[in-house]
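Enquirer: These protein sequence lines map, in sequence, to chains A and B.
Numbering of the first sequence is given in the working numbering, commencing with residue -18 and proceeding in unit increments.
Numbering of the second sequence is given in the working numbering, commencing with residue 86 and proceeding in unit increments.
The set of hints was computed from the structure by calculation and includes no laboratory data.
A hint or two may mislead.
[Stated by the list, open to error] Using C-beta positions, here's what the derived DEER-type ranges look like:
1) Asn225(B) to Pro197(A): 33 to 43 Å
2) Ser84(A) to Pro259(B): 47 to 57 Å
3) Gly270(B) to Pro197(A): 45 to 55 Å
4) Arg37(A) to Leu171(B): 37 to 47 Å
5) Pro229(A) to Asn324(B): 17 to 27 Å
6) Thr272(A) to Val349(B): 55 to 65 Å
7) Ser159(B) to Arg37(A): 47 to 57 Å
8) Tyr232(B) to Ile2(A): 17 to 27 Å
9) Gly35(A) to Ile278(B): 26 to 36 Å
10) Thr272(A) to Phe118(B): 34 to 44 Å
All residues carry an ideal CB built from backbone N, CA and C; glycine is no exception.
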Amino acid sequence: MRMGDWYDRNAFWLLPSGAVIFILMLMIYPLGYTIYNSFTDWSLTHGDKVNFVGFRNYLDIFFRDDRFWGSVGRTIYFTGLAMVVEVILGVLIAVLFDAKDFSGKRVARSIMLMAMMATPVAVAMVWLLIFEPTAGVLNYLFKSSGLEALLGGKQLWITDSSSVIPSLVLIDIWEWTPLIALIVIAGLATLSREPYESAMVDGATPFQIFFRITLPMIAPTIGVAALLRLIDCLKTFDIIYVMTMGGPGYSSETLNIYTYQMSFQYFNFGYASALLVVFLCLVLGISLLVTYLRRGLEL
Amino acid sequence: MDTHPANAGPRPFLWHRTFMNILYYGTIVLCVFFFLLPLLWMLLNALKTPLQIVELPPKLFFMPTLANFENVFSSQNFLQYIYNSLIIAGGSTLLGLVLGLPAAFSIALHKQKKLAVFILVSRMVPGITFLLPLFIMFRNFRMVDTYTSLILSHLLVGLPFIVWVMVPFFESIPRDLMDAARVDGCNVFSTFIRIIIPISMPGVVTGGILSFIFSWNNFMFSIVLASNRTKTVPVAIFNFISYAQIDWGGLMAAAVTITVPVLVITILTQKYVIRGLTAGAVKG
């Protein structure tokens, strides 16, 4: 028998074997290990004695951990606010871009792309400078334009517990609205022109055209873009951690930040593992739910 | 939007159009500025002296200085961090392609739906879920602060992404092409290497570039797994602000230094980057 035949018959497992081994060793095994750890009270600060505690970590998380529930609320607040603004703004920008051909379109698209691809830590640094309460340009602009009073006096941005999440959301909007816009632009480019032509003949207004023709046709694409954002928004880490580390106090501590602190600040591995399992279930649950809802609506 | 029906007529209509044009281009310019300004601000302040940075109103025209860049490169091991980042991003991208391309091809060829879902679900899982157990494992093997541990952890992002980009790409290759190769005596592997990979270069480039950039930008895995020997540039910059007095000029210079390579790659390969980022989202 020729070697080539053997290859052909076994290609179905030979080809993906490298990736599968990697996934088993660095994803599945660690996941199992985390689930196992979540039933223990392992903590580096308590020495190496590890006890099996059953569901105690989970019970503590759900019934006694205010910090957990606070972080869940903030995660939802952050994600909801960011998603709504990003989707609306992204679709608007895409429609504007699609409406006309103008010189400099390529440059404008490049600039949006740059915001999205720039290293998040570097982006966080420049926003720290922009938000700086005394020397920052943002407060200067508000002061010099007289809009300061409109926003209620001193703008502390990320240093005040009431404005920290909207301020962080602003950065997320800056960073990720381009993704929605680019996806929708690509989607708009694939639409057929016929419905538009007949609508023009019938004398439809631009608003009617947008809401009756464009939006229904582009809805599935917007759905996918929003889903991609949703998955990433729930996991936002870089910007929040670099700029506030969850502060002031706990006022910007999302679930991802809280889990990180429990893992690598307190080294409370058992409890952190249980938090990870809960976080994972939440993200996967929401993502899959939205995926199925979308599929259901499309049918 | 307001057409002033009372004045409706050919001439006012022209005014209306001019007004709409101004509104249209004004909005576009505003949008572009919103996305450009923070990056411009980064560059501008990297070229200012410490005094100029905190000066209000901020000066837009000034004598630029490279002192901040000199400081960054002389007082810190910045070249070492750049080298570390290059090794880790390059290593994880290369490994991601070596493991991901055959897997993606197999999924497309054999319609391995379950394997595809398996790999793609890992795109949804929060990275920190893997980070804690990996940290414990690498700690047990004394592998924390080695290139290997960082490359492997960055692969958790890169590999699923490469598969995600490549599966639709391989699916779009006409089956006749494979069959023709078969007739000529190629087995699956030689077909893959000699025919499929060369004609899939745009896809490979897309997946490779983005996997490289994601690794270069990665912060969470690096801050946990990297220490003195393997510190990457994002971690190095983050450590700058732990000092009591923030040196804004140095910070901005460092931020510019690590962002510029990414932005240059992005602009040069814009077509591929956009294709990769929007992959799977747009039908047709």
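Enquirer: None of the hints should be skipped; say for each whether it holds.
Expert: Now the hints, each set against the structure:
1. Asn225(B) to Pro197(A): 33 to 43 Å: violated, 55 Å
2. Ser84(A) to Pro259(B): 47 to 57 Å: Violated - the Cβ-Cβ distance for Ser84(A) and Pro259(B), about 38 Å, lies outside 47 to 57 Å.
3. Gly270(B) to Pro197(A): 45 to 55 Å: Roughly 51 Å apart at Cβ, these two residues keep to the hinted range, so it holds.
4. Arg37(A) to Leu171(B): 37 to 47 Å: holds, 46 Å
5. Pro229(A) to Asn324(B): 17 to 27 Å: With a Cβ separation near 21 Å, Pro229(A) and Asn324(B) satisfy 17 to 27 Å, so the hint holds.
6. Thr272(A) to Val349(B): 55 to 65 Å: Given about 36 Å between the Cβ atoms, the range is violated.
7. Ser159(B) to Arg37(A): 47 to 57 Å: holds, 53 Å
8. Tyr232(B) to Ile2(A): 17 to 27 Å: holds, 20 Å
9. Gly35(A) to Ile278(B): 26 to 36 Å: With a Cβ separation near 52 Å, Gly35(A) and Ile278(B) fall outside 26 to 36 Å, so the hint is violated.
10. Thr272(A) to Phe118(B): 34 to 44 Å: holds, 36 Å
The structure is inconsistent with the numbered hints 1, 2, 6 and 9, although it conforms to all the rest.
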